[in-house]
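Enquirer: Residues per chain, in single letters:
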Amino acid sequence: MTSTTAGPTYRAPRRLGGGGPRPDNSRQIASRERGRTLRATAFLIPALAVIVAFVLIPAILALRLSFTDASGFGEASWIGLDNYVSVFSDPATVRAIVNTMLYAAMYGPLVIAVGLGAALLLNRKDVPLRGFFRTIIFLPFVISMAVASLAWGFLLDPNLGLIPYWLGGLGIRMGDVFASTTWALPAVTAVAIWKSFGYFMVIFLAGLQGIPRYLYEAAILDGAGAWRQFRAVTLPGLRSTMTFVIVFAIIGAFQAFDQIYIMTQGGPDRATETIVYRIYTDGFRDFRMGFASALSYVLLAITLLLGLIQLRVGTKREKDLE
Amino acid sequence: MTSTTSSSARVATLASRTPRRGGSAVRATRVLRQFGVVPGLLVFAALTSLPVLVVVLGAFSPESEVLSWPPNFIPSRFTLENFDGLTARVPVLLQSWNSLVFAGVVTASALVLNSLAAYALARIEFRGRIAIFTVLIAIMMVPFQALLVPIYQMVSALGWVNTLAGLVIPRAADVAGIFLLRQFFITLPRDLDSAARIDGAGELRVFWSIVLPNAKPALLTMALFHFVGNWNDLLWPLIMTSDSSVRPLTAGLALLTGSATGVAPYGVMMAGSLVAIVPLVVLYLIVQRRFIEGVAMTGMKG
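One line per chain: the protein sequences are G and Y, in this order.
Here the first sequence stands for residues 71 to 392, numbered as in the working numbering.
Here the second sequence stands for residues -10 to 291, numbered as in the working numbering.
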C-alpha cells in the first residue's frame, strides 16, 4: 500500500552485494552485518531468555531428574535407568500408557470424523442459518474443560442427568458410566471430542474452501453421487489439511488431563489414568519426582516422534508438488 | 492445492464413463438432501449447546430442582441462592480477578516478547537466524506437561509459588506464538520497510509503525488464543498455586468437586461454572469472526 510512495528507483538494496549503484567495501559490509546481528539479538533476547529458562533448562533438568529417586525433599541419589524400567514394568503405569493410547485411538478418528461431518454440512451454500450453526458448534472451544467436565458429569449422572432420563424414555437403561471400568474411558474421551470438534470443523471448512468448484461440477456432470464426489473430489482435496489435523489431534490426545482430574480422578480402578494424570499424581501428590520425570520423557519421546512424522509427511508432500 | 492435479485426474476417469443428466428424480433427491441437512445440523447444535444450557439454567435453579428426578430442564422459579452458596465456599470475585490478571498479563507479555522475536526472525537478515528458527521449531514440539516437575522446582526455588510471577513469567513468551507471528510477518511486503528506512527510520520504528500495524489479524489471533487458553487452564495454576486467594478461577472451581460431602452441590458448581464461562462467551460472541479465522490461520501452516 504505502510502498508506492517510495518508487522503484529509491528502493534500498535488499541484500548486501545485491548490486546497488555505489559499491560497498568489505569493511562496511562487515560492520553492517555486525549491526544487524546486534539488532536482531536485542529483539530476540527477551523471548529467548524465557524460552531457555523455562523450556530448554527444564528439559535438561527433567532428563537428569529421571535418573534419580528425587522426591522434592532432601538429597536425591542417582539410580540409573531404574525409573524407566519401572515405567515399562509397573502394571499400573503400563496401564496408564495403554489408556492414553486407547484414548488417542478413540479421540483422533472420532473428532476428525465429527468435525469433518459438521464441516460438510455447513459448507453447503443452500443451508439456512449457517452463521448461527457455526457459532454454536464452535462455542465449546472457549468453554474450559473443567466446566465442560462438570456439565457433562451432571448430564450423565444416572440419578439426576437428562441423558440417562431421555435414554430411559427410549427403553435404554444407562448405569453410571463413570463407575464402569469399560465405559469411563470412552466417556472422558467423549467430553474431549465435544469440546474440540468445532475447532476441527473450522480447519476443515478452510480446507473445503480451497477445493475448486469446477471439480465438483465435472463430477456431477459425470453422474457422480454424493458419496462418489466425497471420495473422488473432497477427500483428495483435503489431503494436506488431513495430515496436519491427524497429528495435531493425536498429540493433543496424549496430553489429556483436565476432565480426568475433575470427573474420575483416574478411576474406577485406574481405568482412566493417563500419562499426564500420572505425571501429576506421581510428581505432585506422591512426590515421586524422579519417576514422574521418567514418565515425562516417555511423553516427550512420543510427542517428538509424532512431530517428526508430521514433518516427514509435510516435506514429502512439498517434494511431490515440485 | 497439492492434490488438485491428482483429483482432476480422477475426475477425468469419471468423465470417461457414460454421462447422465439430472432428471426430476435427481432434483427430488437434491431437495430431500437439502432438507436432511437442517435436522442433522439441529442435532449437532442441540447436543453441542446442551451442556452450556444446563450450566446456565442450573445456576439459577433451586438446589432441590437441580437434584430432582425426573430432571427438570427448565426450573420452576429462578433464584440466586446458588451464587450465595458459591461465594460462601470460594472467593469467586477474587479468583475471577486472579484469572483476569493471570491471563491478561501472560497475553500482554506474549504479545510484546513474541512479536519482537518474530520480527527479528522474519525481517532482519542476520547470521544464525535459520539455526535459531530450527531449534525453536524443535522446542515447539515439547509439551509443557512433560516439564512440570523441573519448572515447579525452579519456581519454588525462586520463591515464586503462590505468586503472580510464578504463574506468568514461565509463560511470558512461547515458541508457538513466535512461530504464528513469524509466519505472518514474512508475508508482509519488504517494500514497506525499505520505504521507511529511506526516510531514516530505525529498526524499532519499522517494527512499531510498519510491521505491527500491518499484522493486526495475527496479533489479535495470538492474543485471543493466549487469553482463552490461560483463562481456561487447569493443570498449570493447580500446580503453581495452593493458596485460594491467589488461585485463578478454573483451579479454584475444580476444588469444589472434592469439597462436597455426599452428593456434590451441583447447583453451586453450575453457578461457579457460569461465572467462569461468561467472560469468554461474551468475548467470543463479540469477536467470533476473528476467532474462527484465527483457527483457520493456525490450520494453514501444516
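The set of hints was computed from the structure by calculation and includes no laboratory data.
Using N, Cα and C, we set each Cβ at its ideal position, and we do this for glycine too.
Check before you lean on any hint, since a few could be wrong.
Partial pick of chain G residues on the chain Y-facing surface, computed with a CB cut under 8 Å [stated by the list, open to error]:
{"hint": "1", "residue": "Ala110"}
{"hint": "2", "residue": "Ile149"}
{"hint": "3", "residue": "Leu151"}
{"hint": "4", "residue": "Val155"}
{"hint": "5", "residue": "Ser159"}
{"hint": "6", "residue": "Ile167"}
{"hint": "7", "residue": "Leu209"}
{"hint": "8", "residue": "Leu225"}
{"hint": "9", "residue": "Gly231"}
{"hint": "10", "residue": "Val272"}
{"hint": "11", "residue": "Tyr350"}
Residues of chain G clear of chain Y, computed beta-carbon distances all greater than 10 Å [as the list claims (entries may be wrong)]:
{"hint": "12", "residue": "Arg97"}
{"hint": "13", "residue": "Arg106"}
{"hint": "14", "residue": "Phe137"}
{"hint": "15", "residue": "Ile242"}
{"hint": "16", "residue": "Asp339"}
Enquirer: Against the structure, test the hints numbered earlier, and report the numbers of the ones violated in rising order.
Expert: Failing hints, ascending: 2, 3, 4, 5, 6, 13.
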